[in-house]
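> Sequence:
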Amino acid sequence: IMITGYADIEATIGAVNQAGIYQYISKPFEPEDLKQIVKKAIQKYHAVRNAESLQSELLKKNKELEEANLKLYKQFEEHLDLGNLIGNSPPMLKVLKLVKKVVNTPTTVLLLGETGTGKELLAKIIHYNSSRKDNAFIVQNCGAIPDTLLQSELFGHIKGSFTGAINNKQGLFEIADKGTIFLDEIGDTSPALQLGLLRALQEGEIKPVGSAGLKKVDVRIIAATNKNLEEEVKSGRFREDLYYRLSVFPILLPPLRERQSDIPDLVYYFIEKYAGRINKKIKGIDKEIMQVLMNAAFPGNIRELENEIERLITLADENEIITSDLLSPRFSQVEIQPVIDQHRNLKTAIEYLERKMISQALKNTKGNILRSARELGISRVGLHKMLNRHGINAESFKSR
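Per the working numbering, residue -14 is the first one in the sequence shown, and the count goes up by one each step.
Among the hints, erroneous ones may be present.
Straight-line distance between alpha carbons at most 30 Å, and here's what the computed DSSO-like set of lysine-lysine pairs gives [to be verified]: (1) Lys82 / Lys118; (2) Lys370 / Lys266; (3) Lys341 / Lys272; (4) Lys268 / Lys341; (5) Lys265 / Lys144; (6) Lys258 / Lys86; (7) Lys109 / Lys163; (8) Lys82 / Lys45; (9) Lys265 / Lys201; (10) Lys265 / Lys341; (11) Lys109 / Lys201; (12) Lys12 / Lys24; (13) Lys29 / Lys109; (14) Lys265 / Lys82; (15) Lys348 / Lys79; (16) Lys258 / Lys272; (17) Lys118 / Lys192; (18) Lys383 / Lys348; (19) Lys268 / Lys351; (20) Lys268 / Lys85; (21) Lys82 / Lys46; (22) Lys109 / Lys266; (23) Lys268 / Lys332; (24) Lys109 / Lys192; (25) Lys144 / Lys154; (26) Lys109 / Lys24; (27) Lys219 / Lys163; (28) Lys118 / Lys12; (29) Lys12 / Lys29; (30) Lys29 / Lys118; (31) Lys212 / Lys82; (32) Lys154 / Lys45.
If you're looking for bench data, these hints aren't it; they were derived computationally from the structure.
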């Protein structure tokens, strides 16, 4: 703030510009005027400093966010590599072979299979290993919302086209332009929606709800269903022309019961996934659990297996082996193959029976070593040696 006794305006302006002076006041002046100018100058100073600080903080946060997004994107890509299509069973090797052939083409893919077989994951793997991976991957469950809303969701709508349409809305096909859209449960769509999907597949065009015009889109469609679309076509519930457009390249995902040899790999994959998510160290999994899981029916397929492993990880103790007593009650009736078979030698069979009997005794006595030893007909010292050999923690049974 400059106080001047000169009335030369040009000289004063020059001084203000050169020195970066906030404001000048000519003599004579009232003390109250000076007080107000100083007050405003202080307020401006703090405002500028706060703005600079906020801008600096925003730049820092933006940089951190960009780095975090890049890290997450890399992790996401790593987990969606073709190598993460888990399984070496003949049915899964066949699936992998088909995926490799179609992944870098614009071909429409139809994923078939029971609920829980991993159709959405496979759709992601196809997208993120294709030339479209840097563009959007959009998921829409066609059976999750009413048909009228689904048309608006997929194709968009214009303002005033129906009650509640207060603004123009961009549809998922436009958002997914140059990318991929995954339409799950496509067998649940209505004839009206099927016509719109046919136009998108044949012409690469969509018609927003309430619009008289069409919009061009470049979207790869991956569809999925657990229904028999051929039967749906015969019954008149699904358009035949759309079916043939969708089924250019069908891939059938086998149910878990047809790929039992993949279960151990899936179990270890899910253990690593969920233990890592909560930062819990797990030593391993009891062989009896693996036997049960290998012989279970799994009507919910991979999704059911994954849910069970997540539950086991949550219940398991830190740095311990996951024991069979933690399994959900529904697995208690599973009949497992005999322990002594052509794949086991005597030593392995004895170890298996030891673990099973010790775990059952500890479960019956809620982790009481002395009572467990008596139940097993061995000494307390002998039981301690067996616990150490098998890596069983008696303390973990006290809260069960």
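> For every hint, state whether the structure bears it out.
Okay, the hints, checked on the actual structure:
1. Lys82 / Lys118: With a Cα-Cα distance of about 20 Å, the restraint between Lys82 and Lys118 holds, given a limit of 30 Å.
2. Lys370 / Lys266: With a Cα-Cα distance of about 23 Å, the restraint between Lys370 and Lys266 holds, given a limit of 30 Å.
3. Lys341 / Lys272: Roughly 9 Å between the alpha carbons, so the hint for Lys341 and Lys272 holds.
4. Lys268 / Lys341: 18 Å, holds
5. Lys265 / Lys144: The hint is violated at about 51 Å.
6. Lys258 / Lys86: With a Cα-Cα distance of about 28 Å, the restraint between Lys258 and Lys86 holds, given a limit of 30 Å.
7. Lys109 / Lys163: 15 Å, holds
8. Lys82 / Lys45: Cα-Cα ~46 Å, so violated.
9. Lys265 / Lys201: Violated, because 49 Å separates the two Cα atoms, which is more than 30 Å.
10. Lys265 / Lys341: Roughly 25 Å separates the two Cα atoms, so the pair holds.
11. Lys109 / Lys201: 24 Å, holds
12. Lys12 / Lys24: 19 Å, holds
13. Lys29 / Lys109: 53 Å, violated
14. Lys265 / Lys82: 35 Å, violated
15. Lys348 / Lys79: Violated - the C-alpha atoms of Lys79 and Lys348 are around 44 Å apart, more than 30 Å.
16. Lys258 / Lys272: 20 Å, holds
17. Lys118 / Lys192: 26 Å, holds
18. Lys383 / Lys348: OK: Lys383 and Lys348 at ~8 Å, within 30 Å.
19. Lys268 / Lys351: Given pair Lys268, Lys351 holds - Cα atoms ~22 Å apart, limit 30 Å.
20. Lys268 / Lys85: 35 Å, violated
21. Lys82 / Lys46: 44 Å, violated
22. Lys109 / Lys266: 29 Å, holds
23. Lys268 / Lys332: It holds: about 22 Å lies between the C-alpha atoms, which stays within 30 Å.
24. Lys109 / Lys192: 26 Å, holds
25. Lys144 / Lys154: Between Lys144 and Lys154 the Cα gap is close to 8 Å, so the pair holds against 30 Å.
26. Lys109 / Lys24: Since the Cα atoms of Lys109 and Lys24 sit roughly 60 Å apart, the hinted pair is violated (cutoff 30 Å).
27. Lys219 / Lys163: Status violated; Cα separation ~34 Å.
28. Lys118 / Lys12: Violated, at about 71 Å.
29. Lys12 / Lys29: Within the cut-off at roughly 24 Å; holds.
30. Lys29 / Lys118: 49 Å, violated
31. Lys212 / Lys82: Holds. Lys212 to Lys82 sits at ~24 Å (cutoff 30 Å).
32. Lys154 / Lys45: 34 Å, violated
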